[in-house]
Amino acid sequence: MFIVVGIIVVVFVVFGTLILAQNATQVTLTLLGRTIETNLSLVIIESVVIGIVFAFIIMAISEIRLRRAIRNKERDIKNLKEELAAVRNLPIEEEKVEEEE
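The sequence shown runs 950 to 1050 under the numbering used here.
Simulated from the structure, these hints should not be mistaken for laboratory data.
Worth double-checking, as some hints may not be accurate.
As the list claims (entries may be wrong) - What follows is a set of in silico ranges between Cβ atoms, one per label pair, in the way DEER data are often shown:
no., residue 1, residue 2, range
1, 956, 999, 23 to 33 Å
2, 1013, 974, 36 to 46 Å
3, 957, 1019, 53 to 63 Å
Positions of the beta carbon are idealized from the N, C-alpha and C atoms, including for glycine.
Please put together the full structure from these sequences, using the hints given.
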């Protein structure tokens, strides 16, 4: 598995390097009234990093919600097991069946 992940990372790095090398042209970036001259490759890298950060934040929030739900379900399971054990320990009462004549 480690080898497969390593190969995938190497492929992404190679393709990323090729894309960034071919997009080294200067671009004018205007944001909130400010104009900046920068490389297109830098804009691409910043966009990818910002996307990764947003995805991580969304994933972390989802992970926290899921862990809370799991904790609640585990608590419910524990309570139900205790209730089941209590019911199992109740004495069995026999029903008197009237015989028909």
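Going through the earlier hints one by one, which of them does the structure break, listed in rising order?
3
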